[in-house]
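Go by the hints and put chain H onto chain U.
Number of protein chains: 2
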Amino acid sequence: MNIAVAQSGGPTCAINASLVGVFKQGFKTKKIDAVFGSINGIEGIINDELIDLKTVIRTNEDMELLRQTPSTMLGSCRYKLPDYEKDSVVYEKILSCLTKHRIEIFIYIGGNDSMDTVVKLSDYFERIGSDIKVIGVPKTIDNDLPVTDHTPGFGSAAKYVAASVQEIIRDSSVYSIDSVTIVEIMGRHAGWLAASTCMLKANGEEAPHLIYLPERSFSVKNFIEDVRKEQAKHKAVIIAVSEGIKIDPEEYPLESFRSGAEDVFGHKYLSGVGKCLERIIAAELNCKVRSIELNVMQRCSSHICSKTDIDEAEEIGAMALGAALSGNTGKMMCFKRVSDVPYAINIEMVDAREVANKEKFFPDKWINKAGNNVLPEAEKYFLPLIQGEVKIKMKNGMPVHFKR
Amino acid sequence: MNIAVAQSGGPTCAINASLVGVFKQGFKTKKIDAVFGSINGIEGIINDELIDLKTVIRTNEDMELLRQTPSTMLGSCRYKLPDYEKDSVVYEKILSCLTKHRIEIFIYIGGNDSMDTVVKLSDYFERIGSDIKVIGVPKTIDNDLPVTDHTPGFGSAAKYVAASVQEIIRDSSVYSIDSVTIVEIMGRHAGWLAASTCMLKANGEEAPHLIYLPERSFSVKNFIEDVRKEQAKHKAVIIAVSEGIKIDPEEYPLESFRSGAEDVFGHKYLSGVGKCLERIIAAELNCKVRSIELNVMQRCSSHICSKTDIDEAEEIGAMALGAALSGNTGKMMCFKRVSDVPYAINIEMVDAREVANKEKFFPDKWINKAGNNVLPEAEKYFLPLIQGEVKIKMKNGMPVHFKR
Chain U
1 MNIAVAQSGG PTCAINASLV GVFKQGFKTK KIDAVFGSIN GIEGIINDEL
51 IDLKTVIRTN EDMELLRQTP STMLGSCRYK LPDYEKDSVV YEKILSCLTK
101 HRIEIFIYIG GNDSMDTVVK LSDYFERIGS DIKVIGVPKT IDNDLPVTDH
151 TPGFGSAAKY VAASVQEIIR DSSVYSIDSV TIVEIMGRHA GWLAASTCML
201 KANGEEAPHL IYLPERSFSV KNFIEDVRKE QAKHKAVIIA VSEGIKIDPE
251 EYPLESFRSG AEDVFGHKYL SGVGKCLERI IAAELNCKVR SIELNVMQRC
301 SSHICSKTDI DEAEEIGAMA LGAALSGNTG KMMCFKRVSD VPYAINIEMV
351 DAREVANKEK FFPDKWINKA GNNVLPEAEK YFLPLIQGEV KIKMKNGMPV
401 HFKR
Chain H
1 MNIAVAQSGG PTCAINASLV GVFKQGFKTK KIDAVFGSIN GIEGIINDEL
51 IDLKTVIRTN EDMELLRQTP STMLGSCRYK LPDYEKDSVV YEKILSCLTK
101 HRIEIFIYIG GNDSMDTVVK LSDYFERIGS DIKVIGVPKT IDNDLPVTDH
151 TPGFGSAAKY VAASVQEIIR DSSVYSIDSV TIVEIMGRHA GWLAASTCML
201 KANGEEAPHL IYLPERSFSV KNFIEDVRKE QAKHKAVIIA VSEGIKIDPE
251 EYPLESFRSG AEDVFGHKYL SGVGKCLERI IAAELNCKVR SIELNVMQRC
301 SSHICSKTDI DEAEEIGAMA LGAALSGNTG KMMCFKRVSD VPYAINIEMV
351 DAREVANKEK FFPDKWINKA GNNVLPEAEK YFLPLIQGEV KIKMKNGMPV
401 HFKR
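So the sequences go chain by chain: U and H.
Residues in the first sequence are numbered from 1 upward in steps of one, following the numbering used here.
Residues in the second sequence are numbered from 1 upward in steps of one, following the numbering used here.
Treat the hints loosely; a few may be bogus.
[To be verified] Chain H residues, not near chain U, derived (Cβ > 12 angstroms throughout):
| # | residue |
| --- | --- |
| 1 | Lys30 |
| 2 | Ala34 |
| 3 | Met63 |
| 4 | Ser88 |
| 5 | Glu92 |
| 6 | His189 |
| 7 | Ser219 |
| 8 | Asp226 |
| 9 | Ala283 |
| 10 | Gly327 |
| 11 | Lys369 |
[What the hints assert, rightly or not] Taking lysine to any residue and the SDA-like style, the derived pairs with C-alpha atoms no more than 25 angstroms apart in a straight line are:
| # | chain 1 | residue 1 | chain 2 | residue 2 |
| --- | --- | --- | --- | --- |
| 12 | U | Lys395 | H | Asn373 |
| 13 | U | Lys403 | H | Lys235 |
| 14 | U | Lys235 | H | Arg78 |
| 15 | U | Lys235 | H | Val56 |
| 16 | H | Lys100 | H | Leu325 |
| 17 | H | Lys201 | U | Glu61 |
| 18 | H | Lys395 | U | Arg337 |
| 19 | U | Lys395 | H | Tyr381 |
| 20 | U | Lys233 | U | Ala282 |
| 21 | U | Lys28 | U | His101 |
| 22 | H | Lys24 | H | Ile51 |
| 23 | U | Lys393 | H | Pro342 |
| 24 | H | Lys336 | H | Ser326 |
| 25 | U | Lys336 | U | Glu359 |
| 26 | H | Lys31 | H | Asn2 |
| 27 | H | Lys288 | U | Arg78 |
| 28 | H | Lys201 | H | Gln387 |
| 29 | H | Lys393 | U | Val341 |
| 30 | U | Lys393 | U | Thr55 |
| 31 | U | Lys393 | H | Lys380 |
| 32 | U | Lys246 | H | Lys275 |
| 33 | H | Lys275 | U | Arg279 |
| 34 | U | Lys307 | H | Asn396 |
| 35 | H | Lys403 | U | Gln387 |
Quick caveat, the hints were computed from the structure, so don't treat them as lab data.
Virtual Cβ for every residue (Gly too), placed ideally from N, Cα, C.
Isolated chain U, as found in the complex (with noise of 0.2 angstroms):
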């Protein structure tokens, strides 16, 4: 039998170790004579654009390099699956494809709408009697799918961030002038990433003063003066923004600065919130101003990846074939944790329509009374997910990436 295995949804830094976590896991099975990939998520499963990994990744360097390089090798999509009942062309077509390439099992690799393709699909198999095997791989670094401890690309992600921020709190401290500085960092609707700037505490930093995640509501009348009062104590005020924050256009008239477009999933492509918060200190409080938006680097910026996250990613991608393996369908592959100190996991499934098109969203209990700061017991949840470094293979001074 073959198996075929798909990534989906933005990129993150371990989306291709999971990749490889499959793709070694079949090898090493005898009975998978083949592991096809998917071209761009499930629509190479649709469109009959498979490539039989083994032509592609051809040595231990190749999978090596493959661990190091971000985003998806095989590429991505947004889509959608139509329900079953109000259009089943797309479904036979995926069915004859897989029926053609003797494939038995598909390991989708996504986030909550990914999810929903595993729903449906293994539904859909159940449904008609096929023996089909669809499981599901979490990814994203908004770490915002539920069930789940975390999700893999998140560590690096926040590796990544709270490297940036740190350096950005040194820049931001060299002239002897007052300063605000607003790093807007990536979240639309959960604030994990931008609340996992609270780590930098371990390292004995006091920045970021300030902390907005789109769980609380947010008050431009409050933010300009929780500013304020940070700029009594820090000559350099450090705010870490998500994305996702909404400033009530009632309150404060700059909804212009924010992009009405929708993807097809709905979501809104939000930005500018950093670029808002500079224009609101410029225009309320007389000091001089800077946003920062992380922007793609949070999630490609593998050669500061954690390799825990990287670990994890390829173990839990061999552990998805592992449970199609054993009769399971329609599952999401999660972590489940055992200790913070010294850190352990297991890796467990969960019936993936516990997590389709759902969202975790960041504790209320790990952020503060006022709404502008996390708590330090949430410190001990994020710091396990960022230790450890991958040994960056390079040439001529660059990172070298995997490219098929």
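Leaving out everything else, chain H in the frame of chain U:
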């Protein structure tokens, strides 16, 4: 006798390494009793804010940490000395402070503005018959200082930019739809840093497909045509652009994106060229477009600094002190390249007058005829500067910074 050292201008990853070079050399030199650090550049000498560096840099480990810490440990300034004829008071304050602390050598680490200070101060000391020597140590990520082959700080910035743009290339290539990604890179008047992205070709990248530098005039009409042509060849077009390119408001009325603010040296704070071009592409071509500003991370991302850069920065600092001890004054230390392969440089001296307030532009001979890319010949200039990685000391999964 004692000596003083100060840091000035915008932060880099290498300016603390030059400080370490001065400090270590001072410590080794028997006739030097103390190395004083001046807080916030020359302002610390004017205001008599000095610290004895051995009270803060206590161990070899401190020195190692300082070498891997970005920005300026002593703070910085953008203070410009008045002409002596117009205002001699500040010169007398400087003399009084240096005399009080028995300081006979002043080492100023900075850019072309700082070299103006080196010229004015050394002229002043000669005029009044003082034996105090003033030597400049170059630093700027912009690489725009005359005479010297390159500037400390540039190699680390170029290494971060190369790694990040390569990661952005991976990130931009995941979806099946056409896209344009614009990366805005620092460089007000000189395009060295944006030009350095040509190094990615050495690692097999075709991108950036287009590189725009302030050394050539920019035409919006040609730009749109360039992008259209690249789109015919590449699904994901990647563009590197210097922040300093000028969009003619008569050709395209987008000047409102620019900030008109000026600093005390008359520099305009440029920002938003990437955003301008993003809006132009969105309006003129029907495709997904994103702009990314690498922002201050370019000058402070010491977690991926160039070992060559850091080592050279330390060495040129040490040699500056040597030059002063040999009786030189009013000079800036500079690199002379002996050979590209194998890479070899000498450290020499140049009259600071040849550098002060002057800029060195990216050579026209290395820009292609169309003015939208960099020629392969530039690679051999850039590549040696980003070689080698500093083993960064980590704690809790994050780099450790030196703090005084």
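Quick rundown of the hints versus the structure:
Every Cβ of chain U is farther than 12 angstroms from the Cβ of lysine 30 (chain H); the closest lies at roughly 33 angstroms, confirming the non-interface assignment. Separation of alanine 34 (chain H) from chain U is adequate, the least Cβ-Cβ distance of about 24 angstroms exceeding the 12 angstroms criterion. Even its closest Cβ contact with chain U, about 17 angstroms, leaves methionine 63 (chain H) beyond 12 angstroms, as expected for a residue assigned away from the interface. No beta-carbon of chain U is positioned within 12 angstroms of the beta-carbon of serine 88 (chain H); the least distance is around 24 angstroms.
Listed as a non-interface residue, glutamate 92 (chain H) keeps its Cβ farther than 12 angstroms from every Cβ of chain U; the least gap is roughly 22 angstroms. With a least beta-carbon separation of about 21 angstroms from chain U, histidine 189 (chain H) lies farther than 12 angstroms from that chain, consistent with its non-interface assignment. With a minimum CB-CB distance of about 27 angstroms to chain U, serine 219 (chain H) clears the 12 angstroms threshold, and the non-interface call stands. Every CB of chain U lies more than 12 angstroms from the CB of aspartate 226 (chain H), the least distance being 23 angstroms, so the non-interface label holds.
Distance check for alanine 283 (chain H) against chain U: the nearest CB is about 14 angstroms away, which clears 12 angstroms, and the non-interface claim stands. Residue-level check passed: glycine 327 (chain H) sits 32 angstroms from the nearest beta carbon of chain U, beyond 12 angstroms. Under the 12 angstroms C-beta cut-off, the non-interface status given to lysine 369 (chain H) relative to chain U holds; the minimum distance is some 26 angstroms. Between lysine 395 (chain U) and asparagine 373 (chain H), the direct Cα distance comes to roughly 23 angstroms. Compliance with the 25 angstroms bound is thereby established for this hinted pair.
Between the alpha carbons of lysine 403 (chain U) and lysine 235 (chain H) the distance comes to roughly 16 angstroms, so the proposed pair stays at or under 25 angstroms and holds. Proposed proximity of lysine 235 (chain U) and arginine 78 (chain H) is supported: the alpha carbons are some 17 angstroms apart, at most 25 angstroms. As the CA atoms of lysine 235 (chain U) and valine 56 (chain H) are separated by approximately 21 angstroms, the hinted pair is consistent with the 25 angstroms bound. Taking the CA atoms of lysine 100 (chain H) and leucine 325 (chain H), the gap is about 20 angstroms. The hint holds against a cut of 25 angstroms.
With a C-alpha separation of about 21 angstroms, the suggested pairing of lysine 201 (chain H) with glutamate 61 (chain U) holds against the 25 angstroms cut-off. With a C-alpha separation of about 22 angstroms, the suggested pairing of lysine 395 (chain H) with arginine 337 (chain U) holds against the 25 angstroms cut-off. Restraint check for lysine 395 (chain U) and tyrosine 381 (chain H): the C-alpha separation of about 16 angstroms stays at or below 25 angstroms, so the hint holds. Under the criterion of a C-alpha separation no larger than 25 angstroms, the hint pairing lysine 233 (chain U) with alanine 282 (chain U) is consistent with the structure, at around 19 angstroms.
Proposed proximity of lysine 28 (chain U) and histidine 101 (chain U) is supported: the alpha carbons are some 20 angstroms apart, at most 25 angstroms. The hinted pair formed by lysine 24 (chain H) and isoleucine 51 (chain H) meets the criterion: a straight-line CA distance of about 16 angstroms does not exceed 25 angstroms. Between the alpha carbons of lysine 393 (chain U) and proline 342 (chain H) the distance comes to roughly 22 angstroms, so the proposed pair stays at or under 25 angstroms and holds. Using a Cα cut-off of 25 angstroms, the hinted pair lysine 336 (chain H) and serine 326 (chain H) holds, with the two alpha carbons roughly 20 angstroms apart.
With a C-alpha separation of about 17 angstroms, the suggested pairing of lysine 336 (chain U) with glutamate 359 (chain U) holds against the 25 angstroms cut-off. At most 25 angstroms may separate the alpha-carbon atoms for a hinted pair to count; lysine 31 (chain H) and asparagine 2 (chain H) meet this at roughly 8 angstroms. Straight-line distance between C-alpha atoms of lysine 288 (chain H) and arginine 78 (chain U) comes to about 14 angstroms, which keeps the hinted pair within the 25 angstroms bound. A threshold of 25 angstroms between alpha carbons decides the hint, and for lysine 201 (chain H) with glutamine 387 (chain H) the separation of about 15 angstroms falls inside it, so the pair holds.
Restraint check: the Cα-Cα separation between lysine 393 (chain H) and valine 341 (chain U) comes to about 22 angstroms, which is no more than 25 angstroms; the hinted pair holds. A hinted pair counts as satisfied when its Cα atoms are at most 25 angstroms apart, and lysine 393 (chain U) with threonine 55 (chain U) qualifies at roughly 22 angstroms. Between the alpha carbons of lysine 393 (chain U) and lysine 380 (chain H) the distance comes to roughly 21 angstroms, so the proposed pair stays at or under 25 angstroms and holds. At most 25 angstroms may separate the alpha-carbon atoms for a hinted pair to count; lysine 246 (chain U) and lysine 275 (chain H) meet this at roughly 22 angstroms.
Of the pairs offered as hints, the one joining lysine 275 (chain H) and arginine 279 (chain U) holds, with about 16 angstroms between alpha carbons and a cut-off of 25 angstroms not exceeded. At roughly 13 angstroms between alpha-carbon atoms, lysine 307 (chain U) and asparagine 396 (chain H) fall within 25 angstroms of each other, so this suggested pair holds. At roughly 22 angstroms between alpha-carbon atoms, lysine 403 (chain H) and glutamine 387 (chain U) fall within 25 angstroms of each other, so this suggested pair holds.
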